[in-house]
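Sequences listed follow chains X and D, in order. If you want the numbering used here, it's the 1-based position in the first sequence plus 80. If you want the numbering used here, it's the 1-based position in the second sequence plus 659.
Calculated from the structure, these hints are not laboratory results. Only true hints are included.
Incomplete in silico selection of chain X near chain D, CB under 7 Å: (1) Pro118; (2) Asp249; (3) His254; (4) Ile262; (5) Thr276; (6) Phe282; (7) Ser283; (8) Trp302; (9) Tyr306; (10) Asp320; (11) Glu398; (12) Leu399.
Now the stretches of chain D that chain X is said to cover, found in silico as 3 or more residues with beta-carbon under 8 Å: (13) 832 to 844; (14) 854 to 862; (15) 900 to 908; (16) 974 to 987.
Don't be surprised by glycine CBs; every beta carbon is placed ideally from N, CA and C.
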Amino acid sequence: MAEVELRRVTKRYGETIAVSDLSFIVQSGELLVLLGPPGAGKSSTLKMVAGVEDVTSGEILIDGEVVNYLDPADRDVAMAFETYALYPHLSVFENIAFPLRSPRRARLFSEDEVRRRVLEVARFLEIDMLLARKPKELSGGQRQRVSLARCLIREPKVFLLDEPIAHLDAKLRHKLRRELKIWQKAKSVTTLYTTTDYLEAFSLGDRIAVLNRGMLQQIGTWNEIYDCPANTFVGMVVSDPPMNYFDGQVHSRSGEIGMMVKDVFFLLSPSVRDKLQKASLGKDFILGVFPSKILLQGEEEAKDSLGTVVEGVAEFVELRGARKIVFVQVPKGLSFTLQLPLEASVRLGETLKCFFPADALHVFDKESRRNVLFL
Amino acid sequence: MAEVRVEHVWKFYREEFGLGQRVEAVKDASFVCHDREFLCLLGPSGCGKTSTLRMIAGLEKISKGDIYIGGRRVNDLPPKDRMIAMSFESYALYPPLTVYENIAFPLRARKYSEAKIREKIKAVTELLEIEEILHMRPAKLSGGEQQRVSLARALVREDAQVVLMDEPISHLDAQLKAKLRIDLKRIQREWGLTVIYVTHDQLEALSMADKVVVMNAGEIQQVGTPEDLYERPANLFVAGFIGEPPMNFLSCALSQEGERYYLVSPHFKWAIDFETAKKMEVAENRKNQWVVGIRPGDIVIGLYEKERYCSFKSRVKAIEPLGEVSVVTVNVGDQTLLIEVLGLPSIREGDSVWASFERRKMHIFHAETGKAIR
Chain X
81 MAEVELRRVT
91 KRYGETIAVS
101 DLSFIVQSGE
111 LLVLLGPPGA
121 GKSSTLKMVA
131 GVEDVTSGEI
141 LIDGEVVNYL
151 DPADRDVAMA
161 FETYALYPHL
171 SVFENIAFPL
181 RSPRRARLFS
191 EDEVRRRVLE
201 VARFLEIDML
211 LARKPKELSG
221 GQRQRVSLAR
231 CLIREPKVFL
241 LDEPIAHLDA
251 KLRHKLRREL
261 KIWQKAKSVT
271 TLYTTTDYLE
281 AFSLGDRIAV
291 LNRGMLQQIG
301 TWNEIYDCPA
311 NTFVGMVVSD
321 PPMNYFDGQV
331 HSRSGEIGMM
341 VKDVFFLLSP
351 SVRDKLQKAS
361 LGKDFILGVF
371 PSKILLQGEE
381 EAKDSLGTVV
391 EGVAEFVELR
401 GARKIVFVQV
411 PKGLSFTLQL
421 PLEASVRLGE
431 TLKCFFPADA
441 LHVFDKESRR
451 NVLFL
Chain D
660 MAEVRVEHVW
670 KFYREEFGLG
680 QRVEAVKDAS
690 FVCHDREFLC
700 LLGPSGCGKT
710 STLRMIAGLE
720 KISKGDIYIG
730 GRRVNDLPPK
740 DRMIAMSFES
750 YALYPPLTVY
760 ENIAFPLRAR
770 KYSEAKIREK
780 IKAVTELLEI
790 EEILHMRPAK
800 LSGGEQQRVS
810 LARALVREDA
820 QVVLMDEPIS
830 HLDAQLKAKL
840 RIDLKRIQRE
850 WGLTVIYVTH
860 DQLEALSMAD
870 KVVVMNAGEI
880 QQVGTPEDLY
890 ERPANLFVAG
900 FIGEPPMNFL
910 SCALSQEGER
920 YYLVSPHFKW
930 AIDFETAKKM
940 EVAENRKNQW
950 VVGIRPGDIV
960 IGLYEKERYC
970 SFKSRVKAIE
980 PLGEVSVVTV
990 NVGDQTLLIE
1000 VLGLPSIREG
1010 DSVWASFERR
1020 KMHIFHAETG
1030 KAIR
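Work the whole structure out from these sequences, hints included.
This is the structure in structure tokens:
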């Protein structure tokens, strides 16, 4: 159990800035997910904590101790690399057992104990039938699980998991997503975990740090982020389909402040209205709403809440298991996606009355693209 | 574009190290992909979906059976004469050519005018967001970019009867994948393409396909629309493979008390209607072993037993928040069930709760044959 802290950490490769002035604390036993697209700086951050990459500036602390100049081996961290880095001449069993056999720990584990631990982690990752094979006899997904097993077999101060299940089949990935969380909680090892998949982040992370171009966009629990995305980038990466955005202006109608998009006047929540006030009248802003928050009128929730009804035509319907994604086109040029339960019957070309609840609408500054509640 | 018909097709491989036994990669596969239809071959790795596609493409010999493209039997035609466009998992781009020239290649081979080539490439590269790499060579591109170039090259072909794709977006990140799923479907509709698409990802299949062919261990399990597969799975394999989180399964037996029929186990006793019970009785099941399937989204959690619902008592093991929904893992005896609820439930790990679902949401399967009772 250890706390990990990054203080204004920057990483440059020549001219390229991979990580820019990054600061956060991972609490002892916490699982923090770094979420962002490829190139966001997630892997570079992990490698700096592991000690396999130098820090250009700033400090990394493990348990209050600055580790910038410590060798990877002296940091007591275990990392699963995206590139697997397995020993080709060793069997899967020996690859997984390797960390337990390193000279520093040799006396700690009996052969029986090594066997027990290898079997435990191999069963968990469903590779127990592959233990006798060599890495070259494995598929990409199997190698990735061996690499993860080799990491999980230890109980270090910190786990560093770099997209550890990204290359597995969807079915197994979703299953392991659920089980990794149970495993991590049981061992309560402080963990930094990277992914490009927001569902993986929501599912696993005690908190989530959203990164883009090396910069921290927002950090918080999934509901903090989902309830109030800090900027338009965050709104885009934490929802699939992404948040709907509309360009519009702040207007006042019978004393009420709202957003005018094309010729639709959207009612806003009191907290957003307070933030905008009169000074913003006539100015350009961006309105954002998650597809899952738009309701079809007639749905129970819509009855007594404040909001705006927009009529549009269902252009396209996509089935996603228990949900349907509907692409709606409003005659005046507005278009958006909304998400409905499977039972909802929507026909192509049908006119839908869509209800935009006021408290689900986010307003972003046109220039900085930041949520006005964060300004 | 044209119709593709696969009729009783088999693929055998001779096993290299075994005792000369043949491996049956595809067993008696039959399906039709209609003109302008988007058909997905879906299944886990090794299920025979890629072998099937490669036989349609002409990259593998058909061991037995026939394949027709546009009414013409193509068994003995080489790939180039089958009028198909392909985008496969390995990108097969020409290394000395720029991205632009790679995409233009099939068009130049067919003597398109420069203006027409430019117009086609503009449309497809905008769609796939690769306008900015048109001057680069494949070696300089990331895997995801190469995959998109390969996809673009397949999509520009106007003379193709059918477009064949093997996991064309599997190497892309989640965000881009989500976008391309929608765009691919759009372009397929707007351009009126006939597409046969291989994937292991049920979400890709459900969201894009007009028709899905589910395969496992070389055999077709079910052919149907995404709604069919989701709402009326033909067997345990399809039921477990389609849907995320996957369907829950509980073992039970059928019992009769007077005029009434029940599904019973140590953890529950649920009444079922007479009609269903009769169907179960005629399905030969001497061991009386059945499996009840319930989708995670069809179960509700409460502190009390819900009247007129099928209910069971369970203990909360984990709660997984996924944005607008959460997945709750519960234990019933030694079995684990997943329940999908809206928002974040006000329960904690270790709580004892009642899980309930409507009887009509229940799927019943023969435990031995796996077949659904309908």
